[in-house]
Amino acid sequence: MVLVSFVVAVRNEADRIRACLDSILSQTYKDFEVVVVDGGSTDGTVEIVKQYVRGNPSKVRLLFDPGLGPGYARNLGAEAARGKVLAFIDGDDEINSEYLERTVRHFADPKVAGIFVQMIFRSRPRLWGRVQDTWKWMRWSRKFGRFPSILLKDVFWSVGGYNANLFVGEDYDLYIRIKHYIEQRNLKFEFEERAIIYVASEDEPKKIFNHGVWFGKGLLRLVKDYPRYGVPVLLWSIFNTMFPASIILPAILGFWTLQVLALIYLLFYSTVWLSLFIKSILKKNRPYPVKYILLAPFLQILVSIGVIIGATLSLMPQK
Numbered sequence: 009m010v011l012v013s014f015v016v017a018v019r020n021e022a023d024r025i026r027a028c029l030d031s032i033l034s035q036t037y038k039d040f041e042v043v044v045v046d047g048g049s050t051d052g053t054v055e056i057v058k059q060y061v062r063g064n065p066s067k068v069r070l071l072f073d074p075g076l077g078p079g080y081a082r083n084l085g086a087e088a089a090r091g092k093v094l095a096f097i098d099g100d101d102e103i104n105s106e107y108l109e110r111t112v113r114h115f116a117d118p119k120v121a122g123i124f125v126q127m128i129f130r131s132r133p134r135l136w137g138r139v140q141d142t143w144k145w146m147r148w149s150r151k152f153g154r155f156p157s158i159l160l161k162d163v164f165w166s167v168g169g170y171n172a173n174l175f176v177g178e179d180y181d182l183y184i185r186i187k188h189y190i191e192q193r194n195l196k197f198e199f200e201e202r203a204i205i206y207v208a209s210e211d212e213p214k215k216i217f218n219h220g221v222w223f224g225k226g227l228l229r230l231v232k233d234y235p236r237y238g239v240p241v242l243l244w245s246i247f248n249t250m251f252p253a254s255i256i257l258p259a260i261l262g263f264w265t266l267q268v269l270a271l272i273y274l275l276f277y278s279t280v281w282l283s284l285f286i287k288s289i290l291k292k293n294r295p296y297p298v299k300y301i302l303l304a305p306f307l308q309i310l311v312s313i314g315v316i317i318g319a320t321l322s323l324m325p326q327k
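So the number in this note's numbering is just where the residue sits in the sequence shown, counting from 1, plus 8.
Source of the hints: derived by calculation from the structure; they are not laboratory data. Accuracy of the hints is not assured; some may be wrong.
[Claimed, not checked] Calculated lysine-lysine pairs in the BS3-like style (CA-CA distance at most 27 Å, straight line):
#, residue 1, residue 2
1, Lys144, Lys92
2, Lys58, Lys92
3, Lys161, Lys187
4, Lys214, Lys187
5, Lys38, Lys144
6, Lys144, Lys214
Predicted model only: the values in this text are computed from it and were never measured.
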């Protein structure tokens, strides 16, 4: 059997790490280990993970990184991994019990370098968590993850692992390098629909906004290194941030030219979102109620303001 090493990077996931680890330990495929890497948690996450280490000493290990970001933490876990295959999962996610059983069999083909799995957005039953799930479903037309979750360790290290200097977009950066690597060697990715990862979202406005600020601080680096990925995110953030400005500024300043420009923008803004509404509402097997779709613009305004603030802060001199 092939040994699989789960690499779980965590930081302040006390309310979700139990569900994550329970889902891993419930696998029908038993030849695996779990390497948890904590990035400086202060909410009791470490104490919870230590309980799992004591209860499953042959399966679960706990490592520490000095809070240098998710890329650094995952590399640290991959370095300690004993398995031939690496399975990356975040501390707030869960997987189905057949996750490994369904994916490991693909590696019987020597040309398979990694596996995409089905991704389902499933937050706690709070309004803004559900709206977040709905928006991610609207944004991603594919039902599988944007990046392969399971990789051969040799392939992972052949491209140097994660770029530890990236705090945002490190998964996209890794995917691009691996994609080039396997194309040059006639290898391939495969998709396993019956392997499912349940992805959680921030479910409170403050957390959603703070995540936007955090993402924004690394966005300009992403724009520079990967404009195809970063530029649309930046433009979308500007587009949504202009909405409150287009209402407030003309009302305060009163310039008719500004009012006309604001009206043109608002018409364009309404058209874009109306098209997204119609497209989403008419999708077959729509998993989310219409009310969550209609709340998506407010979510995006909040996130986008955070992103623009974060990007602005990243331009300021560091003390």
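Results of checking the hints against the structure:
no., hint, verdict
1, Lys144 - Lys92, "violated, 32 Å"
2, Lys58 - Lys92, "holds, 25 Å"
3, Lys161 - Lys187, "holds, 15 Å"
4, Lys214 - Lys187, "violated, 36 Å"
5, Lys38 - Lys144, "violated, 32 Å"
6, Lys144 - Lys214, "holds, 18 Å"
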